[in-house]
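There are 2 protein chains.
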Amino acid sequence: METIERKPRSRENARSGIIGTAKAIARREGWQAVSIRKIADAIEYSAPIVYEYFDSKDVLLDEIRSEGFRHLHQEYERIVKLYRDPEKRLYEISLVQWDFARQQPEIYQVMYNLNGAYCTIPVCESDAMQAVGDTVRQTIFSFIPKSKESIQKLYFEWWATSHGMISLAMLLKDEQHVEQSEQVYRDTMRRFVRGLR
Amino acid sequence: METIERKPRSRENARSGIIGTAKAIARREGWQAVSIRKIADAIEYSAPIVYEYFDSKDVLLDEIRSEGFRHLHQEYERIVKLYRDPEKRLYEISLVQWDFARQQPEIYQVMYNLNGAYCTIPVCESDAMQAVGDTVRQTIFSFIPKSKESIQKLYFEWWATSHGMISLAMLLKDEQHVEQSEQVYRDTMRRFVRGLR
DNA sequence: AAATTTTCTCTAACACAGTTAGCATAATTG
DNA sequence: CAATTATGCTAACTGTGTTAGAGAAAATTT
Chain A
1 METIERKPRS RENARSGIIG TAKAIARREG WQAVSIRKIA DAIEYSAPIV
51 YEYFDSKDVL LDEIRSEGFR HLHQEYERIV KLYRDPEKRL YEISLVQWDF
101 ARQQPEIYQV MYNLNGAYCT IPVCESDAMQ AVGDTVRQTI FSFIPKSKES
151 IQKLYFEWWA TSHGMISLAM LLKDEQHVEQ SEQVYRDTMR RFVRGLR
Chain B
1 METIERKPRS RENARSGIIG TAKAIARREG WQAVSIRKIA DAIEYSAPIV
51 YEYFDSKDVL LDEIRSEGFR HLHQEYERIV KLYRDPEKRL YEISLVQWDF
101 ARQQPEIYQV MYNLNGAYCT IPVCESDAMQ AVGDTVRQTI FSFIPKSKES
151 IQKLYFEWWA TSHGMISLAM LLKDEQHVEQ SEQVYRDTMR RFVRGLR
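In order, the protein sequence lines correspond to chains A and B. The first sequence: position 8 = 8 (full-length UniProt numbering), numbered continuously. The second sequence: position 190 = 190 (full-length UniProt numbering), numbered continuously.
Calculated directly from the structure, the hints in this document are not laboratory data. Among the hints, a few may not be true.
Derived pair list, reagent style SDA-like, types lysine to any residue, alpha-carbon separation capped at 25 Å [to be verified]:
#1 B:Lys-88 with B:Val-178
#2 B:Lys-81 with B:Glu-67
#3 A:Lys-88 with B:Gly-195
#4 A:Lys-88 with B:Thr-188
#5 A:Lys-173 with B:Phe-141
Take these sequences, add in the hints, and give me the full structure.
Given below as structure tokens:
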């Protein structure tokens with residue numbers, strides 16, 4: 001993913017090379033260390049070339065963020081198709097969220113402007129994020145048919161609980177053991193889902 | 001807090017001037033806009049002077065962060081002294097946390113490396129943060145005398161729930177109405193406290 | 001009072017950041 | 001072959017954190 005040959009490369013190829021390099025640097029050195037010049041060096045181009053693919057660093061980060069939300073959305077839809085029991089669905093969705101944040105922390109960080117990642121473009125306006133929200137709201141609605149406002153409140157609660165634990169576990173990863181955090185997360189999310197009926 | 005006269009100023013005076021200016025800029029333009037030169041301009045000094053008071057920007061941010069945790073700790077202690085009922089205590093502490101994040105979002109952001117604020121120094125090692133944790137753990141212990149591990153787990157849960165809602169409400173402040181978020185927060189925290197007994 | 005030292009503050013510079021303008025070369029088209 | 005388009009570069013601008021070293025002013029000593 002790092003040292004890409006320069007010779008045979010189409011436009012889409014270069015674009016994904018930029019994204020991949022940005023993610024690789026962020027994973028290795030943190031988002032603060034991600035610079036246009038460093039990306040350009042890695043893909044063996046000069047800095048201005050990057051601007052042929054992304055209008056600004058902000059737009060690049062936004063693209064990576066949207067990619068993250070789209071990936072998450074796909075995973076959620078997979079879960080929805082896999083299980084029929086609404087409770088099982090929501091619980092498994094919760095686990096997917098945890099695993100995603102564990103396996104690709106740099107993506108999770110840019111999605112929520114965490115730990116030095118900073119994208120000016122408001123995340124609320126992202127269609128991908130809306131789509132994720134819709135899937136979860138539908139799942140909640142599927143076993144608790146309530147008013148739109150009530151569903152929104154429950155979704156907000158679920159989201160906050162999950163995101164709170166994930167971002168806190170990231171913050172304390174040196175002090176608190178991952179296994180324990182994960183156990184608490186599982187228990188809490190299971191309890192949350194149970195509490196819905 | 002912005003245009004400070006230069007004439008009569010002691011060392012402590014200048015130090016707090018730097019901190020105050022940094023906070024003011026962060027509040028007005030976000031943490032990403034906080035630069036050493038801008039701070040120096042505001043206090044009518046040249047940039048290197050700032051380094052006489054703080055070894056680096058990182059240290060400056062860490063100081064502001066610790067200040068935030070110390071302030072929060074004081075508020076928590078005030079609540080503990082004010083109420084005898086443990087449930088009331090924890091609930092009021094939760095509300096203090098919300099109000100703090102509402103009234104001084106820039107401080108809350110630097111405390112958790114949110115929204116462009118980025119301090120390299122690990123927050124876990126902060127004594128002030130530990131002190132805050134101790135107070136909350138004690139409060140939880142005061143009406144649920146369990147093992148250290150259980151208390152730690154409950155504290156983690158409480159913290160995650162509170163922090164999750166606060167940071168999410170910050171993220172969605174344009175979409176979701178503050179009043180509704182606050183209502184959900186109050187309900188959730190009350191339910192959490194109730195659920196402890 | 002003169003000389004010396006210490007204190008205070010500044011300018012200049014370095015490497016790096018995001019970003020843009022303009023030029024050179026290569027590929028394609030007529 | 002000539003003209004045009006595409007491609008990628010260098011150089012530059014402003015702004016960032018940070019450091020070195022110069023210079024003035026104040027305090028101290030002789």
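*asked:* Of all the hints numbered above, which does this structure not satisfy? Sort the numbers upward.
replied: none
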